[in-house]
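As a plain string of letters, each chain reads:
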Amino acid sequence: GEDVEQSLFLSVREGDSSVINCTYTDSSSTYLYWYKQEPGAGLQLLTYIFSNMDMKQDQRLTVLLNKKDKHLSLRIADTQTGDSAIYFCADSFSGGYNKLIFGAGTRLAVHP
Amino acid sequence: DVKVTQSSRYLVKRTGEKVFLECVQDMDHENMFWYRQDPGLGLRLIYFSYDVKMKEKGDIPEGYSVSREKKERFSLILESASTNQTSMYLCASSQQGRDGYTFGSGTRLTVV
Chain A
1 GEDVEQSLFL
11 SVREGDSSVI
21 NCTYTDSSST
31 YLYWYKQEPG
41 AGLQLLTYIF
51 SNMDMKQDQR
61 LTVLLNKKDK
71 HLSLRIADTQ
81 TGDSAIYFCA
91 DSFSGGYNKL
101 IFGAGTRLAV
111 HP
Chain B
113 DVKVTQSSRY
123 LVKRTGEKVF
133 LECVQDMDHE
143 NMFWYRQDPG
153 LGLRLIYFSY
163 DVKMKEKGDI
173 PEGYSVSREK
183 KERFSLILES
193 ASTNQTSMYL
203 CASSQQGRDG
213 YTFGSGTRLT
223 VV
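Chains as they are written, first to last, in the numbering used here: chain A, 1 to 112; chain B, 113 to 224.
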């Protein structure tokens, strides 16, 4: 079945760029998403990319999509302590019902 | 601001109790979902619903049931709570299209 994989941890210094990577298996994806989860909270939509795009930029966030390799990345420029959270990659399931398949989440730790 | 509201942030229940987790959305969304989140396992889909009185099993439905009598409300029921159902439960809703899910804040359930 469809699967989404992410590395579990990333540690960066404040002010550096963070790059969180994701791979997926569904070749029929329409949209791919990045969600952020702060401690004790639900998931918040950060950004999404349509499958016919290679890149999307939104302020400090850059999403890159390599459809051939089924690889998605999220770059956060000038990472701040407030960016410490768990980041989830999600793939829109081609089987309908607007269902999303989530990765296990990458915990980003930002240190001074 | 659009919202998905989960009735409880924290719940403590005894083994064998019947437990109801309630979720209400105010966006007139067709699709609603229940996930559980456990460390290292990410989000796992329990059940979802694409219309009133309609439901579909997700990846881990055993030990759970759901009810959707009204479009805005989706309830998760633990028929006989067990300690391995201690988890964070997340409700989400969505409409067809690009906007992905809107999540509630989550209910952290502890079964003792």
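Some hints here could point you the wrong way.
The calculated label-pair distances, taken between Cβ atoms and stated as ranges, are [stated by the list, open to error]:
#1 B:GLY152 x A:GLN80: 21 to 29 Å
#2 B:LEU153 x A:GLU38: 34 to 42 Å
#3 B:LYS169 x A:THR30: 17 to 25 Å
#4 A:PRO39 x B:ASP138: 41 to 49 Å
#5 B:ASP138 x A:LYS56: 39 to 47 Å
Keep in mind that the hints were calculated from the coordinates and are not lab data.
Model, not experiment: these values are computed from the prediction.
Glycine residues also receive a C-beta, built at the ideal position from the N, C-alpha and C atoms.
Taking the hints in turn, this is what the structure says about them:
| no. | hint | result |
| --- | --- | --- |
| 1 | B:GLY152 x A:GLN80: 21 to 29 Å | holds, 26 Å |
| 2 | B:LEU153 x A:GLU38: 34 to 42 Å | violated, 19 Å |
| 3 | B:LYS169 x A:THR30: 17 to 25 Å | holds, 23 Å |
| 4 | A:PRO39 x B:ASP138: 41 to 49 Å | violated, 26 Å |
| 5 | B:ASP138 x A:LYS56: 39 to 47 Å | violated, 29 Å |
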